[in-house]
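J.: Now for the letters of each chain:
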Amino acid sequence: MSTALSSAAAGADRADGFPLAEAVCPVIAHEWVNDAYKHLVIEAGHGAARARPGQFFHLLCPVIGENAPFFRRPMSLYRIDAARGRLEFLYKVVGRGTTTLATLVPGDALNVFGPLGRGFDFAGRARHIVQVARGVGLATLAPVAEAAARCGIRTTAILSARSRAHLMSVASLRAAGADVLTVTDEEGTSEVGAVERLVRRAIAERGGDFLVTCGSNRLLQMLQRVGRELGVAGEVALEQHMGCGNGMCFACVREFRTAQGGVAYRRVCWEGPVFDLQEAVSW
Amino acid sequence: MSTALSSAAAGADRADGFPLAEAVCPVIAHEWVNDAYKHLVIEAGHGAARARPGQFFHLLCPVIGENAPFFRRPMSLYRIDAARGRLEFLYKVVGRGTTTLATLVPGDALNVFGPLGRGFDFAGRARHIVQVARGVGLATLAPVAEAAARCGIRTTAILSARSRAHLMSVASLRAAGADVLTVTDEEGTSEVGAVERLVRRAIAERGGDFLVTCGSNRLLQMLQRVGRELGVAGEVALEQHMGCGNGMCFACVREFRTAQGGVAYRRVCWEGPVFDLQEAVSW
Amino acid sequence: MVDMTVRIGALTLKNPVMPGSGTMGEGLARVMDLGRLGAIVTKTITPEPREGCPPPRMVEYKDGSLMAIGIPCKGPDHYVDEILPQYRAYPTPVVCSVSAPTVDAFGRLAAKLSVAGVAAIEANISCPNLEQDGRAFGMDAEASARVVRRLKESTDRPVWAKLTPNVTDIAAVARAVAAAGADAVTCANGMLGMAVDVENFQPALGNVTGGMTGPCTRPVILRMAWQVARAVKIPVIGSGGVACARDALEYLMVGCAAVQVGTINFVHPTAMLGVIDGIEAFCRRKGIGAVRALTGAMRPRQDFREDQAA
Amino acid sequence: MVDMTVRIGALTLKNPVMPGSGTMGEGLARVMDLGRLGAIVTKTITPEPREGCPPPRMVEYKDGSLMAIGIPCKGPDHYVDEILPQYRAYPTPVVCSVSAPTVDAFGRLAAKLSVAGVAAIEANISCPNLEQDGRAFGMDAEASARVVRRLKESTDRPVWAKLTPNVTDIAAVARAVAAAGADAVTCANGMLGMAVDVENFQPALGNVTGGMTGPCTRPVILRMAWQVARAVKIPVIGSGGVACARDALEYLMVGCAAVQVGTINFVHPTAMLGVIDGIEAFCRRKGIGAVRALTGAMRPRQDFREDQAA
Ligand SMILES: Cc1cc2nc3c(=O)[nH]c(=O)nc-3n(C[C@H](O)[C@H](O)[C@H](O)COP(=O)(O)OP(=O)(O)OC[C@H]3O[C@@H](n4cnc5c(N)ncnc54)[C@H](O)[C@@H]3O)c2cc1C
Ligand SMILES: Cc1cc2nc3c(=O)[nH]c(=O)nc-3n(C[C@H](O)[C@H](O)[C@H](O)COP(=O)(O)OP(=O)(O)OC[C@H]3O[C@@H](n4cnc5c(N)ncnc54)[C@H](O)[C@@H]3O)c2cc1C
Ligand SMILES: Cc1cc2nc3c(=O)[nH]c(=O)nc-3n(C[C@H](O)[C@H](O)[C@H](O)COP(=O)(O)O)c2cc1C
Ligand SMILES: Cc1cc2nc3c(=O)[nH]c(=O)nc-3n(C[C@H](O)[C@H](O)[C@H](O)COP(=O)(O)O)c2cc1C
Ligand code: FES
Ligand code: FES
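Protein chains in written order, with this note's numbering: chain A, 1 to 283; chain B, 1 to 283; chain C, 1 to 310; chain D, 1 to 310.
So here's chain A without its partners, still in its complex pose:
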């Protein structure tokens, strides 16, 4: 399907036999989910067959007028529909690239590159995942529950957002069998201390034994503290501005704690975007 459009990009669709591909994919659906986020569905058989939760695709956003994104934009997978060969993204419109991305309509072509990076690694390590997501983290953590369920792992998902309108993926998480708890700024329930109490309860009362988070530095710090204190392992998905998305340019480094007690740079696109919860240096 995507090959029919391949002439739109030089060099696209040369994937044959390679785990990664630059592919030109038809847009299937593209709707606003609230005032800030859009939900994008594309047909991408190659990617859908290979992608894992926590991985991302590097999207070539169109050039339109003054908005001329030179590099691709990383977007984690919101849903992987291997059966229908589709990938879904949930993204916030913030700048040049996401602004032009948002103009695509069904039938348009989008050049994507992926799947990239190291996804979540909970199989065999977890029996009950406690995930804490905020902002774009809601998108990144969304596919975790479904994949976990497939390995017989339960999920408690604590979703934090500005308002109820910004709580996304509640229904799909429930459909995947997760217990979903929501907190919002609007209702005054999203304060870090309150979320910490929910996390501790999920660990103590529901058997939570693996922490997963994305989207908020303050929640990350809290989970690092709770995890250290209670000896609960976990992972965090991080962001950094990217060039290649494929480990080649070293633009996307962040600081991490090393085994020797120092700090070192690691590439978010290559060693991550999912990292050990305790190794990530919060900021």
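Since the hints were made in silico from the structure, they are not lab data.
Only a predicted model underlies this, so the values are computations on that prediction, with no experimental measurement involved.
Just so you know, nobody snuck in bad clues.
Straight-line distance between alpha carbons at most 30 Å, and here's what the computed DSBU-like set of lysine-lysine pairs gives:
no.	chain 1	residue 1	chain 2	residue 2
1	D	Lys286	B	Lys92
2	B	Lys92	B	Lys38
3	C	Lys286	C	Lys233
4	D	Lys233	D	Lys152
5	C	Lys286	A	Lys92
6	C	Lys112	C	Lys14
Non-contacting residues of chain D with respect to chain C, defined by C-beta distances greater than 10 Å in every case (computed):
no.	residue
7	Leu11
8	Lys74
9	Arg175
Heads up, the beta-carbon is just placed ideally off N, CA and C, and yes, glycines get one too.
Since the structure of chain A is provided, determine the placement of chains B, C and D with the ligands on it from the hints.
T.: Positioned in the frame of chain A, the structure of chains B, C and D with the ligands alone reads:
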């Protein structure tokens, strides 16, 4: 009207009181007239009130993907509708800029700068204009007959094109009172010698006393020869790649014969695009 | 109210925005009020009339252009008689750009052009030095300094030296011209580039090489302006790729007192007004009372961490 | 059938297209067959492990980018043990890029890296020379030549010298390294640039300055490649802003024997395949039997006049 859209371009619509303006104008109509040419109508009160046949506007073609025209594109006026405050262009889709220009649909905004350059100067010099146009010259010469008629000048228009489908503006020239003769490659009537016979006849039998041409170097050479031989004055509209369109960058020069018998560079956008028929150096 | 004035040596400009030499002309007065500009810098004048380079004279890129114009010029008398009077109607100071093939010729030309209505002389030292194998004066610190010294002897007007970016150590050239008495440095002229018409196996420009200018050159010229501003005490005027107020602010913050706007004038004829208004709006938004305070306002990076907003 | 092979000194490459050092990595093998490339140039290796520059490491422009990466490196042993073996599966020659803070260190490093699987050494002389106030070796013809001489003494592999574009006279540096025995020159590394985060009055890059690369730099680097190709007899490898076959053809026609493709690999991971296929298609269309014939194929402009088609 156009000011409502001015935020689309930094610095646009600061015209108040100046003969030239950068204005963001709504597209009123935009249709293909054959397989190669599009007819564009925009609302541009400021420009329509000031523009004269032979002048041009400098159009800021949109940036779309790989087609990123950095400079504006010059287009001569196909029709000046001062009454309705509209400008019309007839252009051939050839490269980056015209390709993105062609994507505009009614209601879109187009940033135009003008009117620019020196138009035709026949008032008081001509009683019967013989115009010879080919290719894009059909667009450039189209408004001449109507303006000429307004000064009581008659026009014989000899239009040359590849095929009958590429003969444009026949109806509007007739409506403006011109005698229209058409020749085409397809019919084998457009050969230079044949056109020369039509020109000589228009001078000899109809009182043609001013030659005007645009769009073909071979027709220009023929008219220079006929004009010299018969002592008939005339003008030619020329093209050259442009930066500013406003006499500032000196990118658009061509060679011209000087009074001293040498050649010198002159700016097509500033001393032209309409030049004395005999001073133009054909190539 | 933001105080937009800046001082370039003895000269006070009403704001820090002016055209680059060769990127404006009488045509601009037909689109905007030249009285709003900080200064009017006119196209380079040479001692003898010149026709300039053979066409084609330009190649366009996505974010800039390559032009080989070659300074067509009708000579100094035509400048004094025909060009200068066009700007007399404006309160804006006129800066006259000059160029010549020898140090002597630079001096004679500047003397000739030090007439009423010329507020300063900008030395375009990117031109070939006929006394040194045609290598541009500006590519050699000592040759640049010689030009400036001669100009200072030949005119009582402030002398600005416009550097070429095609050098290893632009700070060294800036130091040399400052020591020679330059009142300001302009940083910088176009970057030497070329293009090939591959279909026809020939150079795309009639002159083979040309000057690369426009937004895409800004990162490199900005770095040079920063190096120059740290090397000299005289005012630095940034010139390279300014298209909007944000771009001009970069130059001011790395140490420039003013900016020149060039190629973008060809695309947006009133771009300079947008730059002026945008700088003023920025100052207002940041509570900065005088645009002068922006000069060199860049501070070392904080390890500044903002919480990810959700 | 077009003969796509090119000779870089003693080395024959199956085609003239290779990545620029630091713009490919093991990740590329997951997208395309590295066996199709003319050569594999690996990221610069330094004698000691380095972490590289503090983030932020990049700024994006419309047609290029500014990056300050700072050559993070795990040292030569890691290169030999971990990186080189990844490319053993391919028939493609591996060119090992090296850099060091002193001439001696350059020599020792090259000796250490002259192992099986390394077909040539590329000297990245854009790095600071600690024996000369940290000024880059490549900014000085004599220092560049010293590096090349030492490399030639230290390794039996062909030595390529990768020039920095941040110089007044790149042809002079090229002549110096050619005289010192370089087997080829690569022209050139990134152009030094900077950017300001004006909202926060601070440098946009953690390292303040960085390397400007990508398509917008091509006109300037192409001019340098042309100057270098006219100055030396050894093969020239063009490196700057190649995104498609047309761009590569410009470099070949001004005199390059091959090209390196850099930044665009980050945007289109299989861009190099497009360049290879496009060059071949061009040769076929023009009836050119061997890509070698394109090297220096640019001719002076004809006063070539084509009739305006209607
Ligand atoms: C692995 C990964 C997964 C992500 N997944 C999602 C997701 O599922 N949904 C979502 O809404 N966002 C996600 N992001 C963030 C998203 O990539 C940025 O919002 C987007 O790049 C902004 O691009 P822009 O051109 O609109 O913004 P601009 O601010 O115009 O971009 C300028 C530059 O900054 C970079 N940039 C800006 N913000 C970020 C950021 N937060 N992270 C990385 N680079 C940034 C851009 O890529 C670009 O290089 C993810 C980021 C990473 C690294
Ligand atoms: C005064 C004037 C009036 C014109 N009027 C008309 C008109 O009414 N109808 C019409 O169809 N065309 C007209 N043209 C030609 C028109 O400007 C070009 O066809 C157009 O610029 C091509 O742009 P492009 O980006 O599509 O082509 P590209 O080939 O991609 O353009 C590359 C560069 O070459 C320039 N260029 C290419 N062809 C020409 C040309 N023939 N003349 C000048 N610059 C060119 C472009 O402006 C651009 O700078 C006129 C030209 C001039 C100078
Ligand atoms: C078409 C053109 C002509 C120029 N002519 C001159 C000139 O005559 N003298 C001069 O000193 N600089 C000249 N310049 C350089 C500009 O003044 C300016 O320094 C340069 O373009 C960089 O600024 P920009 O990137 O904003 O264009 C010219 C530039 C262009 C594009
Ligand atoms: C992120 C990045 C890292 C680079 N690292 C190196 C390097 O380690 N050694 C080197 O010699 N050149 C390095 N370069 C320069 C490239 O090899 C190449 O010469 C330059 O990018 C110009 O080509 P381009 O315009 O196609 O990118 C690097 C360039 C980039 C963009
Ligand atoms: S984005 Fe290039 S290494 Fe991570
Ligand atoms: S296009 Fe600039 S002078 Fe004519």
